[in-house]
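So the protein sequences, as listed, match chains A and B.
Here the first sequence is numbered in my numbering, starting from 1 and rising by one per residue.
Here the second sequence is numbered in my numbering, starting from 1 and rising by one per residue.
Bear in mind the hints are in silico, worked out from the structure with no lab data behind them.
As the structure is a prediction and not an experimental result, all values here were calculated from the model.
In this text, a Cβ means the ideal position worked out from N, Cα and C, and glycines have one as well.
Just a few of them, taken from the derived set where beta-carbon distance is under 8 angstroms, the chain A residues facing chain B:
no.	residue
1	Arg-73
2	Ser-76
3	Leu-77
4	Arg-133
5	Gly-136
6	Pro-294
7	Ala-295
8	Arg-297
9	Pro-299
10	Gln-382
Listed below are several chain B residues computed to face chain A (Cβ distance under 10 angstroms; list not exhaustive):
no.	residue
11	Arg-138
12	Ala-141
13	Asp-143
14	Ser-144
15	Arg-147
16	Thr-169
17	Gly-171
18	Glu-536
19	Leu-540
20	Val-548
21	Arg-552
22	Leu-555
23	Arg-559
Chain A is nowhere near these chain B residues, computed Cβ spacing over 12 angstroms in every case:
no.	residue
24	Glu-40
25	Asp-113
26	Ala-117
27	His-270
28	Gln-362
29	Ala-436
30	Arg-493
31	Arg-520
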Amino acid sequence: MPTIHRLVALCAVLLASRAEAQHLLVPMDDAQANHLKAYGVTFNALTEGVRAEWLINYRGGAFLLPDVPFVRRRASLDGVTFEAINDAAVNTIRAEIANTNADAVPLEKAPRIAVYSPPNSPPWDDAVTLALRYAGIPYTRVWDDEVLDQDLSQYDWIHLFHEDFTGQLNKLFLSYRDAPWFIDQRERDLNTARRHGFANIPALKKAVAAKIRTFVDRGGFLFAMCGATETLELALASQNVDIAGAYSDGTPMDPDADNKMDWANGMAIVKAHLEMSAGVNAMSDIDGHQVNVPARRQPLGTFQLFAFSAKLDPVATMLVQDHKSVIPDFYGVTTSFMRNVLRPAVTILAYEDGAPWVKYIHGDLGKGAWTYLGGHDPEDPQHNIGAPPTDLALHPNSPGYRLILNNVLFPAAKKKPHKT
Amino acid sequence: MLTALTLGWSAPNALRAQAQPGEGALRRALELENAAKYREAALVYRDAITQGAIVQGMLGLERTFGALGQEDSVLPPVETLLRTSPRDPVLRGVLLRTLRALGRDAAAQRAFDAWRALDPRDAAPYREYVRILLMDRRTGAADSVLRQAVEARGGARDFATEFADLYATMGRWDAAAAAWRDAIADDQYMDQTASYSLMGAPAASRDGVRQALTATPTMPLVTRSALIRTRALLELRWGSPRDAWRALSALPPNDTTAQTWIDFADEAEHANGALAARDALEAAYRVRHDPALVLRAAALSLRASDAAGALRLATEVTPALDSARAAAEALPLRVGALAEQGKAQEAEALIARYGAHVTDAQRRLFARALAWGWIRAGDIARARKAAAEGGGENEDVVSGWLALFDGDLDAARAGLRTAEVKSPEIVTALAFISRAKVARAAGIGAAFLALARGDSAQASRAFEQAAVSVPEAASFLLGLSARVAAARGDETRALALWRQLVEQYPTTPEAPEADLEWARALQRRGDRAAATARFEHLILTWPDSALVPQAREALDRLRLAPDAVARTDR
Chain A
1 MPTIHRLVAL CAVLLASRAE AQHLLVPMDD AQANHLKAYG VTFNALTEGV RAEWLINYRG
61 GAFLLPDVPF VRRRASLDGV TFEAINDAAV NTIRAEIANT NADAVPLEKA PRIAVYSPPN
121 SPPWDDAVTL ALRYAGIPYT RVWDDEVLDQ DLSQYDWIHL FHEDFTGQLN KLFLSYRDAP
181 WFIDQRERDL NTARRHGFAN IPALKKAVAA KIRTFVDRGG FLFAMCGATE TLELALASQN
241 VDIAGAYSDG TPMDPDADNK MDWANGMAIV KAHLEMSAGV NAMSDIDGHQ VNVPARRQPL
301 GTFQLFAFSA KLDPVATMLV QDHKSVIPDF YGVTTSFMRN VLRPAVTILA YEDGAPWVKY
361 IHGDLGKGAW TYLGGHDPED PQHNIGAPPT DLALHPNSPG YRLILNNVLF PAAKKKPHKT
Chain B
1 MLTALTLGWS APNALRAQAQ PGEGALRRAL ELENAAKYRE AALVYRDAIT QGAIVQGMLG
61 LERTFGALGQ EDSVLPPVET LLRTSPRDPV LRGVLLRTLR ALGRDAAAQR AFDAWRALDP
121 RDAAPYREYV RILLMDRRTG AADSVLRQAV EARGGARDFA TEFADLYATM GRWDAAAAAW
181 RDAIADDQYM DQTASYSLMG APAASRDGVR QALTATPTMP LVTRSALIRT RALLELRWGS
241 PRDAWRALSA LPPNDTTAQT WIDFADEAEH ANGALAARDA LEAAYRVRHD PALVLRAAAL
301 SLRASDAAGA LRLATEVTPA LDSARAAAEA LPLRVGALAE QGKAQEAEAL IARYGAHVTD
361 AQRRLFARAL AWGWIRAGDI ARARKAAAEG GGENEDVVSG WLALFDGDLD AARAGLRTAE
421 VKSPEIVTAL AFISRAKVAR AAGIGAAFLA LARGDSAQAS RAFEQAAVSV PEAASFLLGL
481 SARVAAARGD ETRALALWRQ LVEQYPTTPE APEADLEWAR ALQRRGDRAA ATARFEHLIL
541 TWPDSALVPQ AREALDRLRL APDAVARTDR
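Working from the sequences, and respecting the hints, build out all of it.
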């Protein structure tokens, strides 16, 4: 065969192979069979050293992955919907992204995740660990000893959930003082406090709060839900003020505590007022819903995700990726955040139309960032202590849980884009 | 459009119950309402109110206007009546319910506040309003109202039912069960209501509910009995008739309990709890000595495939019956039970003992039963003779089985298709016949005969051997062989067959099922890695199989098992 004919034949073979699928598009709109595990597939790809892209505002925040066997296998096993596409299709997608409110964010490295969670399981669930385990995303459990003794910079992302950083054990003393699990928890925390040279639990938890703040300030990402949001802020603002009831530190609250709070030391709150009555099951007026105070309790509504500019605000856009823009609300020890207590620089990611509170907020601190989501479990709106854990196999498309997993992947973005 | 009725009368003191106020009008109105003539009924209810039947008339208006979708037409009459009878609880309830139906939540709140203001210690307003709030699942508001009620009444005891409903609506099942326990202590007839309220408890919460409803020795007998009944009703509603009977059997045996047991048997029978119903009827018989109870128990036992139990009961009750009744009611059960046990000779002797008391029609029925009995005994020749003596259709279930045992698949298909109740055995046989392309298969006959005789070891081997002679149904027969082996506990043999199916017949419908069972067997043996590999193999090889969700669920459970979590928590 003449040389030129061989060259033509070789080119034809090469062209044919390039026309075959080379990418996997994981849609995250209603075409996706399992949204939550899709995050796991993407995370797993990053763990194996594969680069991915997050196509924010395109098909519900789709993921673009290379078409390699282990990714296909993982997606097939998990029931994650994917579409094999070639370069031409990818180019078409990129053109659409360029001309619309969308963007392609490279994901380079799987973040190192730590979950602040006590060694013994309390009788309530952690929605974040449920989501991580369901999606197959590994994490490290840390508690007070690790936070105080270790260098937290070994992690990229820390999650806080139900912990009361004011050291008042979520005021569960009011209803569960004789419950064995409550007694165990209190003893455990007292022993930890003594071991680290603290006089009581509030002092211990404030020190933990300060270390977490430092972690964020030095470049870490923090995601907090439920009571951890509000109590973290209170703990940071009260480093030198006694805001804990007598049952937790032996002394009553400083009667002038409200005026002595140093809100500049917090991250999200500009000013709020403490709940001065030890018998009232609330911490402050940060929470809009006050679920555990019957006389103040607000009914649940729905909250709406804010639509950001993907190219100008990629961070906020990543955090609100979802296939639903209106999501049913859910209670928590802290369900929401009153608008009037938030710092002006706080980005509101989700809000309830017409309500004085918001649901989901984000901000920067130093080199790092934090995100707060109110509520306990997106698929258990009325959650109570002792309730069985949510089975995410029954909620593979949960729009609320997607917000949690957005926060998990967000630190994997190539560089931390800045708002302009 | 809506037509609002105005009532231009004054009705002072009209709410006091009168002997027969407006009875005729009420009767006419009810007839019209039952005939769905709501407009006409509303007019007559208005007349009834005018004649003094205030309460019944107003309730009738509420129903009929509700049926017409004209709830707002209820407001004028009820508000008029309330001006003269502001404290009437029925009228107040109608007002609240109507405002709720109209979606006027703020007005309903004001109506509640006005009612409550008349007498803050009156429990009725709180009860009615809480009920309405819970219908809309407004648990926060209901909780707030109940706390006001507790404060006003100085205690929560009067509102145990409402708290129970609130907690159940909130999903706080332990608290709901404890509240129902308190309510039942005050009113033993709350058992049905309590069980209905708690039946929604998820499986994970049921132990807590059971614990909360456990009677203590210090409780009065009526309370203990009511709690036991509640437990039993719950277990029945949760799909556990045996657990329900276990709870109910603890009641002290007396005539009232016997009736409770009989009522339970009725419910259990309809809830696929034939054996639980049988035990309840037998226990009731020990108290009431009514043979009808035992006969019914024996029939249930036979239906639930407990032939020995049926025989025992039917034999026990026979001396209490006269000969005619024994022949008509007990004898068929005894013959049927003996036939199921393969004791055809005993059954023939029993029939002979009743001589003239057995009618010709009965003899023909008994002949078919005897045929089945001879099949179970393994004597096909005598089975055919009995079937022939029974007459009947050439194509019926017994002839179908006989044909199958002979390996005559065409005749078997014709006979088995006539079965009114398609038992699992008949379904299996017909499924095989539909796959086979041959008209005769001798080895298959021997296999099904062994199964009918209860020789599962021989049946499993025979099905495996028959797979060679019927290649178009080989995978089906191997799968059947594996199922039979697994059912008799021979998991080693079953595993080998499942492996053969997966490896040699991957394109057949039986392959995914075999892979799933193989994986489950490995999981039972504690080989997590191998089980994981098998579940993954199923998902990846047959992604469209209906069994894939089960495999995924099993994989998730394997991954999330406690020591698997330790691997995840680095």
